[in-house]
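**Student:** Okay, here's what each chain looks like letter by letter:
2 protein chains.
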Amino acid sequence: MVTEIAMLNIIPGMEPDFLASFEKAESIISSMNGYLQHELLKSVAEAGKYVLIVRWQTLEDHTEGFRKSAAYQEWKRLLHHFYDPFPVVEHYHRTGKAA
Amino acid sequence: MVTEIAMLNIIPGMEPDFLASFEKAESIISSMNGYLQHELLKSVAEAGKYVLIVRWQTLEDHTEGFRKSAAYQEWKRLLHHFYDPFPVVEHYHRTGKAA
Numbered sequence: 001m002v003t004e005i006a007m008l009n010i011i012p013g014m015e016p017d018f019l020a021s022f023e024k025a026e027s028i029i030s031s032m033n034g035y036l037q038h039e040l041l042k043s044v045a046e047a048g049k050y051v052l053i054v055r056w057q058t059l060e061d062h063t064e065g066f067r068k069s070a071a072y073q074e075w076k077r078l079l080h081h082f083y084d085p086f087p088v089v090e091h092y093h094r095t096g097k098a099a
Numbered sequence: 001m002v003t004e005i006a007m008l009n010i011i012p013g014m015e016p017d018f019l020a021s022f023e024k025a026e027s028i029i030s031s032m033n034g035y036l037q038h039e040l041l042k043s044v045a046e047a048g049k050y051v052l053i054v055r056w057q058t059l060e061d062h063t064e065g066f067r068k069s070a071a072y073q074e075w076k077r078l079l080h081h082f083y084d085p086f087p088v089v090e091h092y093h094r095t096g097k098a099a
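Those protein sequences? They're chains A and B, same order as listed.
Each step along the first sequence adds one to the number in our numbering, with nothing skipped, and position 23 is 23.
Each step along the second sequence adds one to the number in our numbering, with nothing skipped, and position 27 is 27.
Here chain A stands alone, though its shape is the one from the complex:
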């Protein structure tokens, strides 16, 4: 399993529209090959700051399967105009240290 973590900063005033668009975008990512689970979390302390955590079976399910799909164009259209700056996306492996 690979965990994708993206720290998202939403342009001030656009949070309600972002959340409405994210609701549509969820069905896109959830239907991709290798998709396991996702959660969108909101910062307690910082306005407009979110983190998106997505679990994939493999790294390539995200970087190849999702990002090179036609569905990704719709994901971008729904979401990318809400971000400033554009998010850095990082990938993580499990360490076995979990409970």
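Each hint should be verified, as a subset may be incorrect.
Any copy, or any two copies together, can satisfy a pair, since identical chains are not distinguished.
[Unchecked claim] Taking lysine-lysine pairs in the DSSO-like style, the calculated list, with each CA pair at most 30 Å apart, reads:
id: 1; residue 1: K76; residue 2: K24
id: 2; residue 1: K97; residue 2: K68
id: 3; residue 1: K76; residue 2: K97
id: 4; residue 1: K49; residue 2: K76
id: 5; residue 1: K24; residue 2: K49
id: 6; residue 1: K24; residue 2: K68
id: 7; residue 1: K97; residue 2: K24
Hints were generated in silico from the structure; no laboratory data involved.
Starting from the known structure of chain A, fit chain B onto it as the hints suggest.
**Tutor:** Coordinates of chain B only, in the frame set by chain A:
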């Protein structure tokens, strides 16, 4: 539920010792009031980079209950000397956007 996210950068050469110490530290955090779950993930792309995700029932379970406990002194002793820079810890709420 509140999610604590800490991006950890381990001093080069100290990763094996960090992982061994983390194994001891896990039992400390896992026994705290309000602790729900944790995972330590390792960056796919960046050497020495980890993320610690801890789920707490409330924000105060982490910021008050854990950080002001005697057990936190032992957690610090086990782990804090592995980090450079010292990690920024952020807290997140659920948005209801998850699957």
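**Student:** Taking the hints in turn, state whether each one holds.
**Tutor:** Against the structure, the hints come out as follows:
Within a single copy, K76 and K24 get their C-alpha atoms as close as 12 Å, which meets the 30 Å cut-off; across copies the closest is 43 Å, which misses it. Proximity of K97 to K68 under the C-alpha cut-off of 30 Å is restricted to the inter-copy arrangement: shortest distance 24 Å between copies versus 32 Å within a copy. Taking the closest pair of Cα atoms, K76 and K97 come within 30 Å of each other only across two copies (18 Å); inside a single copy the shortest separation is 34 Å, beyond that limit. Taking the shortest alpha-carbon separations for K49 and K76, both the intra-copy value of 18 Å and the inter-copy value of 28 Å come in at or below 30 Å.
Taking the shortest alpha-carbon separations for K24 and K49, only the intra-copy value of 20 Å comes in at or below 30 Å, while the best inter-copy value is 33 Å. When the C-alpha separation of K24 and K68 is checked against a cutoff of 30 Å, the pair qualifies only within one copy, where the shortest distance is 19 Å, while the shortest distance between copies is 42 Å. In this assembly of identical chains, K97 and K24 lie within 30 Å of each other by CA distance solely across copies; the values are 11 Å between and 34 Å within a copy.
In terms of the numbered hints stated before, the structure departs from none.
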